[in-house]
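Whenever a hint applies, use it, and build me the whole structure from the sequences.
With the working numbering, letter number 121 in the sequence shown gets 121, and the count goes up by one each step, no holes.
These aren't lab readings, by the way, just hints derived from the structure by calculation.
Predicted model, so just to flag it, every value in this text is computed and none were measured.
For each residue, glycine too, the CB sits at the ideal point set by N, CA and C.
Wrong hints could be hidden among the right ones.
[Said to hold, decoys possible] Cut-off 20 Å, straight-line C-alpha distance, at most; resulting in silico cross-link-like pairs (SDA-like, lysine to any residue):
| id | residue 1 | residue 2 |
| --- | --- | --- |
| 1 | Lys105 | Ala39 |
| 2 | Lys34 | Val9 |
| 3 | Lys105 | Lys117 |
| 4 | Lys43 | Lys61 |
| 5 | Lys13 | Lys96 |
| 6 | Lys43 | Lys11 |
| 7 | Lys13 | Ala100 |
| 8 | Lys96 | Asn143 |
| 9 | Lys34 | Gln8 |
| 10 | Lys61 | Glu102 |
| 11 | Lys96 | Leu32 |
| 12 | Lys34 | Pro62 |
| 13 | Lys96 | Pro62 |
| 14 | Lys105 | Gln46 |
| 15 | Lys43 | Val86 |
| 16 | Lys110 | Arg57 |
| 17 | Lys34 | Lys110 |
| 18 | Lys13 | Lys43 |
| 19 | Lys34 | Ser23 |
| 20 | Lys61 | Ser23 |
| 21 | Lys88 | Ala39 |
| 22 | Lys34 | Ile146 |
| 23 | Lys34 | Asp106 |
| 24 | Lys34 | Lys61 |
| 25 | Lys61 | Asn103 |
| 26 | Lys13 | Ile146 |
| 27 | Lys11 | Lys88 |
[Said to hold, decoys possible] Label-pair restraints from in silico Cβ distances:
| id | residue 1 | residue 2 | range |
| --- | --- | --- | --- |
| 28 | Ser123 | Arg79 | 42 to 50 Å |
| 29 | Lys3 | Gln120 | 28 to 36 Å |
| 30 | Thr15 | Ala39 | 31 to 39 Å |
| 31 | Asn18 | Gln66 | 31 to 39 Å |
| 32 | Ser123 | Pro44 | 39 to 47 Å |
| 33 | Asn18 | Pro62 | 15 to 23 Å |
| 34 | Met38 | Asn118 | 34 to 42 Å |
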Amino acid sequence: MPKVSKEQVEKLKKTANNQRTFSRYEVVSAHLWKCISMARGLKPEQETVLYVHVDFRNRLKPPMPQNYFGNGVIAVPVRAIVGDIVSKSLGLVSSKIREAMENVKDEYVKSYLVCLKNVQDVSSSRPFYTVGSSQGLFFGNPNLTIIS
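Okay, structure coming up:
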């Protein structure tokens, strides 16, 4: 796991925060997505998905009880074209992440849970596949999951 100092995070935030103020999670995730997409040598026209994890406990209506003990986290896909992630500014990539996170509302979570309830085989939801891959350490997968 890469270590990022407080100074490095502040520098990233300063770079990204042109018109909007982004969180540490948003800018570090955007930076990692850009760097990993470049390092993997993915095709510019290829789609890539960054999965960010959002706490939905206060996004439900009504919200979950204050004394609720447990996780209320959902993986949210942020979809983009590799060429855009690599070439666009850190602020624009951060804004894509924010937009996806802001879309997690009551209806989104409830529809996700309905879909999940109807899935009988969850093996297809694995973030990567290793069997038979000859495409490097990331197994040829253009996708990435980041959890804070």
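Hint check:
no.: 1; hint: Lys105 / Ala39; verdict: 34 Å, violated
no.: 2; hint: Lys34 / Val9; verdict: 15 Å, holds
no.: 3; hint: Lys105 / Lys117; verdict: 18 Å, holds
no.: 4; hint: Lys43 / Lys61; verdict: 42 Å, violated
no.: 5; hint: Lys13 / Lys96; verdict: 15 Å, holds
no.: 6; hint: Lys43 / Lys11; verdict: 29 Å, violated
no.: 7; hint: Lys13 / Ala100; verdict: 19 Å, holds
no.: 8; hint: Lys96 / Asn143; verdict: 15 Å, holds
no.: 9; hint: Lys34 / Gln8; verdict: 16 Å, holds
no.: 10; hint: Lys61 / Glu102; verdict: 15 Å, holds
no.: 11; hint: Lys96 / Leu32; verdict: 14 Å, holds
no.: 12; hint: Lys34 / Pro62; verdict: 37 Å, violated
no.: 13; hint: Lys96 / Pro62; verdict: 27 Å, violated
no.: 14; hint: Lys105 / Gln46; verdict: 29 Å, violated
no.: 15; hint: Lys43 / Val86; verdict: 11 Å, holds
no.: 16; hint: Lys110 / Arg57; verdict: 12 Å, holds
no.: 17; hint: Lys34 / Lys110; verdict: 31 Å, violated
no.: 18; hint: Lys13 / Lys43; verdict: 28 Å, violated
no.: 19; hint: Lys34 / Ser23; verdict: 17 Å, holds
no.: 20; hint: Lys61 / Ser23; verdict: 25 Å, violated
no.: 21; hint: Lys88 / Ala39; verdict: 16 Å, holds
no.: 22; hint: Lys34 / Ile146; verdict: 13 Å, holds
no.: 23; hint: Lys34 / Asp106; verdict: 30 Å, violated
no.: 24; hint: Lys34 / Lys61; verdict: 35 Å, violated
no.: 25; hint: Lys61 / Asn103; verdict: 14 Å, holds
no.: 26; hint: Lys13 / Ile146; verdict: 18 Å, holds
no.: 27; hint: Lys11 / Lys88; verdict: 17 Å, holds
no.: 28; hint: Ser123 / Arg79: 42 to 50 Å; verdict: 22 Å, violated
no.: 29; hint: Lys3 / Gln120: 28 to 36 Å; verdict: 41 Å, violated
no.: 30; hint: Thr15 / Ala39: 31 to 39 Å; verdict: 19 Å, violated
no.: 31; hint: Asn18 / Gln66: 31 to 39 Å; verdict: 37 Å, holds
no.: 32; hint: Ser123 / Pro44: 39 to 47 Å; verdict: 31 Å, violated
no.: 33; hint: Asn18 / Pro62: 15 to 23 Å; verdict: 37 Å, violated
no.: 34; hint: Met38 / Asn118: 34 to 42 Å; verdict: 38 Å, holds
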